[in-house]
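**Student:** Top line first, the protein sequences correspond to chains H and E. Heads up: take any position in the first sequence, counting from 1, add 1, and you land on our numbering. Heads up: take any position in the second sequence, counting from 1, add 1, and you land on our numbering.
No wet-lab data here; the hints were simulated from the structure. Careful, some of the hints might be misleading.
No copy is singled out in the list; a pair is fine if it fits within one copy or between any two copies.
As the list claims (entries may be wrong) - The calculated lysine to any residue pairs, modelled on SDA-like cross-linking and capped at a C-alpha distance of 20 Å, are:
#	residue 1	residue 2
1	K150	G116
2	K150	Q68
3	K150	D76
4	K150	L113
5	K150	E136
6	K150	V112
7	K150	T4
8	K150	G114
9	K150	G129
There are 2 protein chains.
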Amino acid sequence: METAVVLLSGGLDSATVLAIARAEGYLCHCLSVDYGQRHVAELAAAQRVAAALGAAEHRTIRIEIGQFGGSALTDSDIAVPTNGIGEGIPVTYVPARNTIMLSLALAWAEVLGAGDIFVGVNAVDYSGYPDCRPEYIGAFENMANLATKAAVEGRRLRIHTPLIQSSKAEIIRRGTTLGVDYGLTVSCYQADTDGRACGVCDSCRLRQAGFESAAITDPTRYYSAA
Amino acid sequence: METAVVLLSGGLDSATVLAIARAEGYLCHCLSVDYGQRHVAELAAAQRVAAALGAAEHRTIRIEIGQFGGSALTDSDIAVPTNGIGEGIPVTYVPARNTIMLSLALAWAEVLGAGDIFVGVNAVDYSGYPDCRPEYIGAFENMANLATKAAVEGRRLRIHTPLIQSSKAEIIRRGTTLGVDYGLTVSCYQADTDGRACGVCDSCRLRQAGFESAAITDPTRYYSAA
Numbered sequence: 002m003e004t005a006v007v008l009l010s011g012g013l014d015s016a017t018v019l020a021i022a023r024a025e026g027y028l029c030h031c032l033s034v035d036y037g038q039r040h041v042a043e044l045a046a047a048q049r050v051a052a053a054l055g056a057a058e059h060r061t062i063r064i065e066i067g068q069f070g071g072s073a074l075t076d077s078d079i080a081v082p083t084n085g086i087g088e089g090i091p092v093t094y095v096p097a098r099n100t101i102m103l104s105l106a107l108a109w110a111e112v113l114g115a116g117d118i119f120v121g122v123n124a125v126d127y128s129g130y131p132d133c134r135p136e137y138i139g140a141f142e143n144m145a146n147l148a149t150k151a152a153v154e155g156r157r158l159r160i161h162t163p164l165i166q167s168s169k170a171e172i173i174r175r176g177t178t179l180g181v182d183y184g185l186t187v188s189c190y191q192a193d194t195d196g197r198a199c200g201v202c203d204s205c206r207l208r209q210a211g212f213e214s215a216a217i218t219d220p221t222r223y224y225s226a227a
Numbered sequence: 002m003e004t005a006v007v008l009l010s011g012g013l014d015s016a017t018v019l020a021i022a023r024a025e026g027y028l029c030h031c032l033s034v035d036y037g038q039r040h041v042a043e044l045a046a047a048q049r050v051a052a053a054l055g056a057a058e059h060r061t062i063r064i065e066i067g068q069f070g071g072s073a074l075t076d077s078d079i080a081v082p083t084n085g086i087g088e089g090i091p092v093t094y095v096p097a098r099n100t101i102m103l104s105l106a107l108a109w110a111e112v113l114g115a116g117d118i119f120v121g122v123n124a125v126d127y128s129g130y131p132d133c134r135p136e137y138i139g140a141f142e143n144m145a146n147l148a149t150k151a152a153v154e155g156r157r158l159r160i161h162t163p164l165i166q167s168s169k170a171e172i173i174r175r176g177t178t179l180g181v182d183y184g185l186t187v188s189c190y191q192a193d194t195d196g197r198a199c200g201v202c203d204s205c206r207l208r209q210a211g212f213e214s215a216a217i218t219d220p221t222r223y224y225s226a227a
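Looking at chain H on its own, in the form it has when it is part of the complex:
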């Protein structure tokens, strides 16, 4: 059984990625990153998802990138947009987030002797995030294969992004087939401590539209009337 590190946010995409990695036969060590995000309910969700999908282990690593500011997800002075998805890079973009999270996954993979990292980035719905693009992932993989002791010893590391070209509806259909209980996941950028969602942030809107388009019942619990 091959060992993999799976980045698990507690959201819909990464839960699906974990189910895919498990279905491909990987022993999955799941890593969540507490980076000072507003939506801490995600981290509790990650723990539930890891247990439900048979992860070998789940760890949360805390890192205060919120102290740098610059994102609505870590800086309470910047409002989370709720008026619909706009053009360009949204204020919910967290500077270098995927680079930091993949770097942490790389460190753990090296210690575990794992040659595979799974991450739920998606270039379709989140085309506004520069670090969700295939060319970025390719460049990270190239860098990672020069960075480590494993690389020097000739063992290749692969970054798996099974959802990178999928629509939200396709992701939901695939995860449902694999038995993912999306009621355990939290996507909302401003979920309450119980994991209930606002229904109006970009992430809620994409999720709602995904369930609708997939014609699958949306198990999300909302605290607003949205």
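Given the coordinates of chain H, work out where chain E should sit on it, guided by the hints.
**Tutor:** Using the frame of chain H, we list chain E on its own:
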């Protein structure tokens, strides 16, 4: 005045890098990473060095990569070698350390609007560390220029490694010319809380040999008889 992020460990190399960045006219925001290393005296040294060399700001970010284990610098079950420098990658190598630290610098640079990151990696004395090689730094820079909002908007980020091909003696001579007080710095992998050095770990040996070869008086304080 251009703004730069300077990774500052508190050791000899990064102090020299800060002096170089200052001499090149950069406004320097210094970042230290508390990654659970044994040698916490380095972090106190970093603060002194930043102040002495006129940094605009100094921040320390804490991140518990030590929980992954796998290095003598973060895992107290692995002894720091003291019998001289061996072949291959030493046990003091910290998995993905430079990747994690550069990623954090990248995040801060993006928030600051800085296009320059300085780091004191050195491929000569530390040829055993994979993430100190020029090809690794080039790959990181390439990745970083796909990762960020700034990159999407066409602003290039540069990773400066002014010491990458220098010997320890050359570094010490260069820093001395620029007014670095190496008495403020701590290089030892197992320094005591006062910042005094063991004199026998690889880092102490390289530093001692550097001062000797540069024919500059070594201001290091030792706690052993070495």
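**Student:** Looking back at the hints listed earlier, which ones does the structure fail to meet?
**Tutor:** When the structure is compared with the hints, none of them turns out to be violated.
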